[in-house]
Amino acid sequence: MPRKPPAEPIDHHYNIPRLNRAFFWSAGILTAVFLWMVLADYKRDWKSIQQTFLRLDRDKTMEAVEKAREKAYGEERDKLRAQLVQARQDERAHRATMAKLNAHLKELDPKLYGADQDAKFLKASFDAARYTYEDNLANRPKSAPKAGREVADLEKKLDGANLRLAKFKRDEAETKAELKRITGKHDEAQAAIDKLSADYKLARQKVETLKQDTLFKLRNSPILDMVNPSLRVQQVQLPEHFNDVNFMRIPRVDRCGTCHMAADRKGFEKASLDELTTRYPKLKKVIGDGVVYETHPRINLMVGSESPHPVGDFGCTPCHGGRDRASSFWSAGHSPETSKEETRWKRKYDWEFDKFNEMPILPIKYADAGCYRCHADETNFPEAPRLDAAMRMVESLGCWGCHRIEGLEKQNLPRVGPSLEKVSSKVSKEWTTRWVMAPDTFRANTKMPSFFYQENFVNVSGDKKPTKAQQDMNVRGKLENDAMVNSVVAYLFEKSHPAPVPAAPGSGDAARGEKLLASRGCYGCHQVDPRADAPRDLTGTYRQFGPNLAGIGSKASKDWIYQWISDPKRWNPETKMPNLRLSQQDALDIAEYLSTLKSSPHFEQAALPQTDPRILDDIAFYFETATKTRFDARADLDRMDLHAKEVYTGEKLIAHYGCFACHRIPGFEEAKPIGTELTEEGSKAVHRLDFGFLHLPHTRQDWFRTKLHNPRIFDRDRARGWEERLRMPNFRFRDDELDNVVTAVLGFQKLNASAAAKKELSGERASIERGRRIVKDHNCQGCHVIEGFGGSIRSLAADPSLAPPVIQGEGAKVQSDWLFSFLKAPKTGQIRPWLEVHMPTFGFTDAELNDLTRYFAYLDRAAYPFLTSEYATEPARWAAGRKVFEVLRCRQCHPRSEQEMNAVEDKSSLAPNLQMAAKRLRHDWINDWIRRPDEWMPGTRMPTNFPKGDTGVRTSPLGAMVDAPAFAKDRAEFAQILGGDDAAKKFLEDPDAVTRALRDYVWSIGINGGTAPAGGPAPAAPPETKPAAAGARASGRASSRTAPAAP
Amino acid sequence: MFLINALKSVINFLSAPQYLVTLMLIGVMAAIYWRPLWTRRGGVVLFAMLGGGIGLSYLDRNFAAVATLPDNVPIIGMIFLVGFFFWYAMYRAYENDRRVTAGMPTVEGQDSAQKVFSWPDLVYVELICLVVVMAILIVWSIALKAPLEEPANPTDSPNPAKAPWYFLGLQEMLVYYDPWLAGVFFPALIIVGLMAIPYIDTNPRGNGYFTFRERKWEVSLFILGFIVLWCSLIALGTFLRGPNWNFFGPYEFWDVNKLVPLNNINLSEIIWIKVFKKALPNFWLFREIFGLLLVGFYVLVLPLVFSKTLFRRFFEKMGMARYLIAVNLVLIMVALPIKMYLRWIFNLKYIVAIPEFAFNI
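For the record, the sequence lines run as chains A and B.
Residue numbering for the first sequence follows our numbering, beginning at 1 and increasing consecutively.
Residue numbering for the second sequence follows our numbering, beginning at 1048 and increasing consecutively.
Since the hints were made in silico from the structure, they are not lab data.
Positions of the beta carbon are idealized from the N, C-alpha and C atoms, including for glycine.
Some hints here could point you the wrong way.
With a straight-line Cα cutoff of 27 Å, these simulated DSSO-like cross-link-like pairs (lysine-lysine) come out [stated by the list, open to error]:
hint : chain 1 : residue 1 : chain 2 : residue 2
1    : A       : 464       : B       : 1192
2    : A       : 284       : A       : 195
3    : B       : 1192      : A       : 340
4    : A       : 346       : B       : 1305
5    : B       : 1192      : A       : 47
6    : A       : 468       : B       : 1305
7    : A       : 465       : B       : 1192
Okay, the calculated beta carbon distance ranges per label pair [claimed, not checked]:
hint : chain 1 : residue 1 : chain 2 : residue 2 : range
8    : B       : 1096      : A       : 720       : 55 to 63 Å
9    : B       : 1307      : A       : 468       : 26 to 34 Å
10   : A       : 246       : B       : 1290      : 43 to 51 Å
11   : A       : 246       : B       : 1123      : 26 to 34 Å
12   : A       : 720       : B       : 1101      : 34 to 42 Å
13   : B       : 1344      : A       : 724       : 43 to 51 Å
14   : A       : 724       : B       : 1310      : 16 to 24 Å
15   : A       : 246       : B       : 1250      : 48 to 56 Å
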């Protein structure tokens, strides 16, 4: 029924058609906006990255498919096909039999099925009946006999059913076996073909899963992707690592793998990606620079499932930093390394600086910083070269002296600078003044930083043109520094303990001294580099451990130098300089030479500062008013003369600038460090860093870098008195040094992980670490290669055999008590008389010596500390050993006594004196060494007498010549010693037997000069203690590091 | 360039709270009486100036850094919205006043004579509004990131620590008043006072239509309270208060190191030490007697004085109880600008300072 039209037209307040139009447009806009929302939500960078990676993976797999295809369809397949065809033809002859057998099987099948079912049913009934019987026995004994009968009845039936089943089964098996006899060859060929193409099939299947077909697109389309998408966020949960959100700790959930899909997969290394893109140029366009598709560059150390830091336990952000749950480039907290990269990222990835991200990802060049928080107890970081360099710099420059760093505090490092307790007896006041003013003008590569005449005193406006007021500040700042330098020197000389320096007993030969300086081993720690731009290198070489000796003659007198090098510890018991046991003449010669090394006139002629009494008065007044009223302070100062004021101010300034952090200074023995604690500096909130008036990116690394480059820079444009200005001295860091030190400071982070995630050093590992610490603190690596590092002095030796020995496998090689006494008091010329370089006496304490011996033993997993000292040997074997020693002409190089040693003119052709063997070497090491010196110490002069045969097994050199006519006489002798020709032949061909015999002989040299078997005739052959995994041990330090500690 | 910089420094200077509040007080209160502003042309000029001024300001790096923060964007919106409705209400009010003077019915009066259906005249319009608002909200949520910051840390609060935008007016009050007044008493009084308005203001004129002439006092008081003392303080708190709650001009860099001396003294110190040159009495009542008397005079005596003079008309119309409540509410509202000026002119910290009971006014 049509609606009745209204009686009068309805009156509207609004124009309805206009409202309709408005509704149309607004609804249209809402629809469009809604679609935009859906798309904006759908479109994620990681999805396209995953798609690209799928494509990459597919291309890579396709290559594998091709390779597998070649294998699957190669010649071998043709051969097998032929076999298959032949087998089929053979089968035809038996067609009738096969048909019969198959028919029989078919007939058997239902019977078998029925019998099987019967047996199963009966078994179930039997079990139930047995239970009823047992129940009756326990609770209703009366009805038990009836139930018992039922059980017996069922048991009988079950036996019958099982028997029937067994018969059918036997019948089936026999029929099948008969069939197999006929089709066996056919089946075999088929299986071989299948096996051949298995890889191909697998690869094909994988390609299928990587295909981005319609189904793939449907699964991953907007809205439908909520069901079961194949593109999805990939995450690992890290229960041992936390996000500290202040009120609680939340386990980290790393989603980095969402984009970095290949990080933990081998095969996508940069090189192989490059190779792939050259073959598929189209791919190059898609993946761009492709870093995100790469395998982690250190997959064997990080992330890889076989590595010590598998991604499932360590994730990514605990080391790299960044926001764990983020799934976009920006929110993850990627940090650009350079401003160029920043511009590129802004353009390409919409990157912007995120000031709310407290722990953004460390720029790649500082990535090593991520290691320190877990590995702080370790001494060296061979797997993280930048961190290793960084910590060497932080340790040797003494950063820890002013700034408390918990990890280093535990290491108890010695002060890095020389003691100034006797400074007045060593150097002149003028020299000290010039040195304090600008140490680098005396010694360009010194570690001593510059404290005075820095920017915030003499150039307060920095790069800008100074205003009038700033010019005045500069003038005053220079005067203030003048007064400060004079005051500090005045205090040092006033409080210096008097120490007489006796005159050297005679004079030396400078030319000989120069040679001795090089040959005695001084250059393991020192250099003489007089260049004005001599580079500082605290990380590449170990030879800058001690000071550069250029100009030393202008600093100290010949008498002092003589006294010092004769016995450094007599002058300063704390010094790290060891005693080289120089003869008086050697010491005189070296002192003579060193005193000829004069500094540049530039330094000598530098004007000495003049103290402006008013300025000095102002500075002193400031210090006085710290504890006294203005009136008492004034009265005090009025009582002092200029010198007294300087001494007073100097003391206060030493406290103000913290000189005592590096130097032992009288009056400051117990002073507390003055700098900011750095233990958790790498996690410090950026807003707590004072950027002053400087505009830099507000990141930790930018601040640290700027600060370290010019420690006073944040005073720019400030108008403060000297006492409020920044105090950190300038270490004159170069760019590469800055990279290192910034890495270290960034590495001093709060550990947001449970104790289980941290590297714990206990037991043997702790002992090894203590040893490493002693090695590092005494610069052993200046001369020796230890754990694959060091031996800087070796580059100076013309012949490597004239250089200090490489220390490798030392723990397995020498007896710990010999090592103990050797390190305590090394003697010159006992083992390697041809060496001119001296092993110095370091004056180790017993505790240190124990740590060192334990370190070497544990490093090689050798027995420690007790060893058998007396070994008995079979006289025959010993005699055979003596004969082998003669046959192999070991004597040519190895002396067996002092006389033999002294008889040789050219000692450099000698090998170690075997007289020491029984005292020094480990018994079971000797034969192992003889057998394979090339594995123990690659590059050794010891010839490899027992080369590896074709099978990789060591062979005896005597085995090769045993049948030679020239050897007949020797063979007869061996036969006589060993009681028969067969025994002799067997002995000569067995490398183990030969080396053991040699060992027994060598051992006896150390005990009785090799005249008789050690320990007399043995009751029986002692059980051989085989050195465990000596090969792995000998192959280098890497294995001893990664191998698990022995229980 | 020089001119622009000069202009910027003038604006920076004038945005300091003392000048901003003064300008708003004088400017806004005078403007409502200035007829030409409340016409269509006046509105266009007003918005052209406001929009142009703010729009051009975005060219300044320091201004843009603050104004483009996702959490500050709505405040820019608020300035325009509040400004628009302020203008619209006054425009309608003046229009009605003109018609009433001419003997014509008000616009609303004329309109309500006509009866229409709720559909489509009401519901359809609401629907369209709903759709448009939804579209705007969706675009906003797509275009601007949620203003999330670092995890909250009780030992390391952000600088400046700001209240949510709608409380920034209260936070600004904290600069001048003791926390229990500015944070507890005044907010409670604002709510109670707003709830009391229907019982205090029984004047039937202006019901259902815009008017200014018939309710000059009421409208002026509302504008003073809402626009000057509430909205402008929110804008000030958002854009002009930087690190350490220091004041920064709109074109000034928010430097964390900026230092401003806060050397304020109490009334008792001014009277006893500066005027009488005597030590402060130990007993608090004796010490603070002048401040207490002053406050007592303000809240107890002044209403009575006003009832005979300034507000005699209201007193007669409203009766004693209603009058006293209303006047006290107004006096307490006006106490904020009064205290502000006392601070700016005399560095006055507290009128009554009794730390013994943590009681300060």
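Verification of the supplied hints:
1. A/464 / B/1192: violated (40 Å)
2. A/284 / A/195: violated (36 Å)
3. B/1192 / A/340: holds (26 Å)
4. A/346 / B/1305: Since the Cα atoms of residue 346 of chain A and residue 1305 of chain B sit roughly 31 Å apart, the hinted pair is violated (cutoff 27 Å).
5. B/1192 / A/47: holds (20 Å)
6. A/468 / B/1305: Holds. Residue 468 of chain A to residue 1305 of chain B sits at ~24 Å (cutoff 27 Å).
7. A/465 / B/1192: violated (43 Å)
8. B/1096 / A/720: 55 to 63 Å: Since residue 1096 of chain B and residue 720 of chain A have Cβ atoms about 45 Å apart, the given range 55 to 63 Å is violated.
9. B/1307 / A/468: 26 to 34 Å: holds (27 Å)
10. A/246 / B/1290: 43 to 51 Å: Cβ of residue 246 of chain A to Cβ of residue 1290 of chain B: about 21 Å, so the range 43 to 51 Å is violated.
11. A/246 / B/1123: 26 to 34 Å: Hint holds: Cβ distance 32 Å, inside 26 to 34 Å.
12. A/720 / B/1101: 34 to 42 Å: holds (39 Å)
13. B/1344 / A/724: 43 to 51 Å: holds (49 Å)
14. A/724 / B/1310: 16 to 24 Å: Holds - the Cβ-Cβ distance for residue 724 of chain A and residue 1310 of chain B, about 22 Å, lies within 16 to 24 Å.
15. A/246 / B/1250: 48 to 56 Å: holds (54 Å)
Violation of the numbered hints given earlier is confined to hints 1, 2, 4, 7, 8, 10; the remaining hints are satisfied by the structure.
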